[in-house]
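Residue-level listing of the chains:
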Amino acid sequence: MEAHSSEIFVIGLTVFVLACIIGYYVVWSVTPALHSPLMGVTNAISSVIIVGAILAAGPSDYNLAKIFGLIGVILASVNIFGGFIVTYRMLSMFKKKSKKRKEES
Amino acid sequence: MPTNLVAILYLLSALLFIFALRGLSNPETSRRGNIFGMFGMFIAIFTTLMFKSVLSYVEIGSAILVGGAIGTFIALRIQMTALPQLVAAFHSLVGLAAVFVAAAAFFDPVSFNIGNFGAIAMSSLIEMSIGTFIGAVTFSGSVLAFGKLQGTISGKPIVFNFQHTLNAIIFIIIILLIVFFVKNQSSTIFWSIVLISILLGFLIVIPIGGADMPVVVSMLNSYSGWAACGIGFTLSNNLLIITGALVGASGAILSYIMSKGMNRSIINVVLGGFGGEQNNISDNENLDKIIKQGNAEDAAYILKNADSVIIVPGYGMAVAQAQHALREMGDILKKEGIQVRYAIHPVAGRMPGHMNVLLAEANVPYEEVLELEEINHDFPMTEVSFVIGANDVTNPAAKTDESSPIFGMPILDVERSQTVLFVKRSMATGYSGVDNELFYRDNTTMLFGDAKKMCENIVKSLN
Chain A
1 MEAHSSEIFV IGLTVFVLAC IIGYYVVWSV TPALHSPLMG VTNAISSVII VGAILAAGPS
61 DYNLAKIFGL IGVILASVNI FGGFIVTYRM LSMFKKKSKK RKEES
Chain B
1 MPTNLVAILY LLSALLFIFA LRGLSNPETS RRGNIFGMFG MFIAIFTTLM FKSVLSYVEI
61 GSAILVGGAI GTFIALRIQM TALPQLVAAF HSLVGLAAVF VAAAAFFDPV SFNIGNFGAI
121 AMSSLIEMSI GTFIGAVTFS GSVLAFGKLQ GTISGKPIVF NFQHTLNAII FIIIILLIVF
181 FVKNQSSTIF WSIVLISILL GFLIVIPIGG ADMPVVVSML NSYSGWAACG IGFTLSNNLL
241 IITGALVGAS GAILSYIMSK GMNRSIINVV LGGFGGEQNN ISDNENLDKI IKQGNAEDAA
301 YILKNADSVI IVPGYGMAVA QAQHALREMG DILKKEGIQV RYAIHPVAGR MPGHMNVLLA
361 EANVPYEEVL ELEEINHDFP MTEVSFVIGA NDVTNPAAKT DESSPIFGMP ILDVERSQTV
421 LFVKRSMATG YSGVDNELFY RDNTTMLFGD AKKMCENIVK SLN
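As they're listed, the protein sequences go chains A and B.
Each step along the first sequence adds one to the number in my numbering, with nothing skipped, and position 46 is 46.
Each step along the second sequence adds one to the number in my numbering, with nothing skipped, and position 424 is 424.
Note that these hints are calculated values from the structure, not bench results.
Incorrect hints may appear among the rest.
To be verified - Stretch-level coverage of chain A by chain B, calculated; a stretch enters the list once three of its residues show a Cβ under 8 Å from a Cβ in chain B:
#	stretch
1	27-41
2	44-50
3	81-88
What the hints assert, rightly or not - SDA-like cross-link-like pairs, simulated, lysine to any residue; straight-line CA separation at most 20 Å:
#	chain 1	residue 1	chain 2	residue 2
4	B	Lys260	A	Tyr62
5	B	Lys334	B	Asn457
6	B	Lys183	A	Ser6
7	B	Lys453	B	Ile332
8	B	Lys452	B	Ala296
9	B	Lys334	B	Tyr301
10	B	Lys452	B	Asn295
11	B	Lys460	B	Asn268
12	B	Lys260	B	Glu373
13	B	Lys52	A	Asn63
14	B	Lys52	A	Asp61
15	B	Lys156	B	Lys52
16	B	Lys52	B	Asn116
17	B	Lys452	B	Glu328
18	B	Lys52	A	Ser60
19	B	Lys452	B	Arg416
20	B	Lys52	A	Pro59
21	B	Lys260	A	Ser29
22	B	Lys292	B	Arg416
23	B	Lys260	A	Pro59
24	B	Lys334	B	Met381
25	B	Lys260	A	Asp61
26	B	Lys304	B	Ile332
27	B	Lys183	B	Ile120
28	B	Lys304	B	Gln293
29	B	Lys452	B	Ile266
30	B	Lys453	B	Glu297
31	B	Lys304	B	Met446
32	B	Lys156	B	Asn116
33	B	Lys52	A	Val17
34	B	Lys260	A	Trp28
35	B	Lys335	B	Lys460
36	B	Lys453	B	Arg425
37	B	Lys260	A	Pro32
38	B	Lys52	B	Ala7
Cβ atoms here follow ideal geometry from the backbone N, Cα and C, with glycine treated the same way.
The whole structure should be built from the sequences, with the hints applied where relevant.
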């Protein structure tokens, strides 16, 4: 059992380290003008934690964990919808102008 | 749903998140990226709902609807000038959600396949408590940052003796609590970790002043990612680990860029206390110096007769909501055949990229908005620099005065242009508390007043 859980940890660690490296390169390629939308979208995707909350809220009988899970689902949903929508709003402003520009030129 | 299918769908979701970030390398691809992100999230949620153990669709569906409605409502109504507060508030929710998920995993480990209550595997306990700790710190730190940005709490740094010693002691206490928690799995200790971490989050953000907020907001962004990672390890969920790492890396890089923009180390920002004391000595020094003051008509005349203008916006523009009036002014000048561009300092505003969004909101084409490195060498060839609501980021003392607190900070070389127009509410110093020698130069004209009104008056005079 112990050996098994440490194996799982090492797999997780491998994924973690590789993801950090991907994150490093991807984020450096983001243009500084879009740093605010970057915060918006990272905020939305970090709410993928909703996955854990759904699992906790899943069982049909009520207990403390289920209530915590449901609260987690609500909090994360605020972020998911809020984060993606506010990012969409920001990005559509960046979009509008270049269209207008093309029309002008 | 078979385990392997779940793993593959989660992988797909993680890939879509990576593409979402990748899309932001260019405004043209960014919207598609955002849609990738939404798809990724949809797949993640859908896959999880298909789990055998997930039965209460009605409750979960209602919870998503309630949260989603609140989120949508806020996101649609928020003003672009209030974005920094909004982002801080959202970070606090991620932190809090992480704490709740960790608590749920602790009280009902069976649902997560990590053992039975009171007999959870040691590695899961460690990961769980680290996730809880980071989540709780993110929560309270973001709440305080929100208060400071919103203005409910004074933006001034609060500094007291032995502050850092106190934080270090609290940190050690938390580590000890985690050790005890792993040993006896007591719920009292779990809640103690939560409460003390919340306290630590407050104490970390308390000494940090208004101008350092871009760093703090990015740092909390990073923390929220690490919290998700911690939960991901607890649940052995690769999707959470990958996403958490992406977000954590993103926040860390933004913090680095921001502190570099102020020529300070992240540690120095985090320790805080910057920008609190007022620099009275240099105020006295400058008492007998003369400033040249102008009004909107003077400014309009100077601008009209220029060939090239660079506009330097700062936080003051955001506060006064002057971006639309400013763009109007720029449009008139462009019609006159004058080259108009915007120069953005990396730490202008209260969050990374804040100025770019506001200018975009006012329909300024992003091709005309340039970063410090792109435009700084153009100032000597520029006739007029129009500084609006910025101060410290233009202070030449950063290059010449070694005793200045902002020495070494990269600045926009507005003083090299032929004329500087400086829109400002008063002679007050910027957040660093440093006087700006630019005000007293021969080629500087000060335009006192509200940034928005000033732009509107200049527009009137131009017409």
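*Against the structure shown, which of the earlier numbered hints fail to hold, in ascending order?*
4, 11, 15, 19, 23, 25, 29, 32, 33
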